[in-house]
Amino acid sequence: MNDLALVLLAGVAAFIPRYFPMLFFSKRKIPDWFNEWMGFVPVSLFTALIVKQIFVTSTYTFSVGNIAAMISAVLVIVIAYFTRSMTLSVVLGLLLMWALTTFL
Amino acid sequence: MKKEPANWLAVLKIAMPLCLSYIPIGLACGVLLHAGGLNTWLVALVSLIVYSGGAQFLIATMLTIHAPISQIVIMLFFLELRYALLGSSLSHYLKKSSHKFILGFAFSLNDENYAVNYLKFATDKYWTPSNALLVEHYALYTWAFSNVVGSLIGSSLHINLVIVDFALTALFLFMVTMQVKRRLTLLTAILAGALSAFFCVALKSTLGIVIATLLASTAGFLADRVIRSMAPGSSLLYKVRGPSGTRETINEQELTEERLLKEEQEKDKDHDHE
Chain A
1 MNDLALVLLA GVAAFIPRYF PMLFFSKRKI PDWFNEWMGF VPVSLFTALI VKQIFVTSTY
61 TFSVGNIAAM ISAVLVIVIA YFTRSMTLSV VLGLLLMWAL TTFL
Chain B
1 MKKEPANWLA VLKIAMPLCL SYIPIGLACG VLLHAGGLNT WLVALVSLIV YSGGAQFLIA
61 TMLTIHAPIS QIVIMLFFLE LRYALLGSSL SHYLKKSSHK FILGFAFSLN DENYAVNYLK
121 FATDKYWTPS NALLVEHYAL YTWAFSNVVG SLIGSSLHIN LVIVDFALTA LFLFMVTMQV
181 KRRLTLLTAI LAGALSAFFC VALKSTLGIV IATLLASTAG FLADRVIRSM APGSSLLYKV
241 RGPSGTRETI NEQELTEERL LKEEQEKDKD HDHE
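Chains A and B, in that order, are what the protein sequence lines are.
Mapping the first sequence onto my numbering, position 48 (from 1) lands on 48, and the numbers just tick up by one.
Mapping the second sequence onto my numbering, position 76 (from 1) lands on 76, and the numbers just tick up by one.
Derived by calculation from the structure, the hints in this document are not laboratory data.
These numbers come from a predicted model, not from an experiment.
For every residue, glycine included, the Cβ atom is placed at its ideal position computed from N, Cα and C.
Some hints here could point you the wrong way.
Stated by the list, open to error - Computed footprint of chain B on chain A; a stretch qualifies when at least three of its residues, placed anywhere within it, have a C-beta under 8 Å from a C-beta of chain B:
#	segment
1	3-11
2	15-24
3	49-58
4	67-73
5	89-99
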């Protein structure tokens, strides 16, 4: 039940920013400041999520104990930078994580 | 306007690379949403009404870290705000379309079909809004189908969550790496990370992620404005060097060349008419 509510609300949250600006701006010009601000949102959000997943435990304490994830993360950045391939980054990242959690 | 004998097939050809690339991502997304606790019906529903890889991966992540619904929805809204941008930039091609059409078009808009349609609108003057909607729908059905299959695979496999969770981290790491094109963006990302750790621990809640995103993106945006007006030569505005000859640069070049070519052809046609 909760999950259904989540999915429906998620649908609303996804729909509002797609529809109203498109309707609104079919008559007017997009303000520059909005463009610029939105340019910084995904990068901030994704980094915030990454840091939470690697450095903050499920009981909300700061931890540098997840060595496997830290090493894998650095290597994924290197892989992403040189290959520019999402598939390679994710697949090799998973393999690294699997190998490191198994053998460390 | 020339009428194509099989318009749906021509459009399908254009949408095909997009559809194919959705299959592996959709499968992965379905597996993760299932691991996050959604059943197959809900995975199907979320793929149809949210229809965005980034957003669905975010939902899966937030579900695995047990964030409350309100926070998931707020984060999602923030992530999806970028569509305000994409939607607005397509809107002038839809000036002649009805409100009802715009409603349907906006409903199935996402990053990838936006890219395809924007390019087609910009380079092909016979590209119509209804063709664009068709591209959106082909991609939508492929996406939803892959997600459902993924969730079915997920329910028949026993999956190590610690490792599967890292798929999301790897995906986000990839996205950040691809988006850091300037030193200032890198600094914004580092700030977001530090604030996220601080606020998550201080508030004992994933709300820290929301606050970190808001503060860091606003700080990056304001810093960008101030630096550009006060010190336009600042080294903070330098680009971050990517490896040379990357796929992206090549693509961009091709796109520009393609557009220039089309424009020239159109000019020639205009001259012929005169």
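Comparing the hints with the structure gives:
no.	hint	result
1	3-11	holds (count 9)
2	15-24	holds (count 10)
3	49-58	holds (count 9)
4	67-73	holds (count 3)
5	89-99	holds (count 6)
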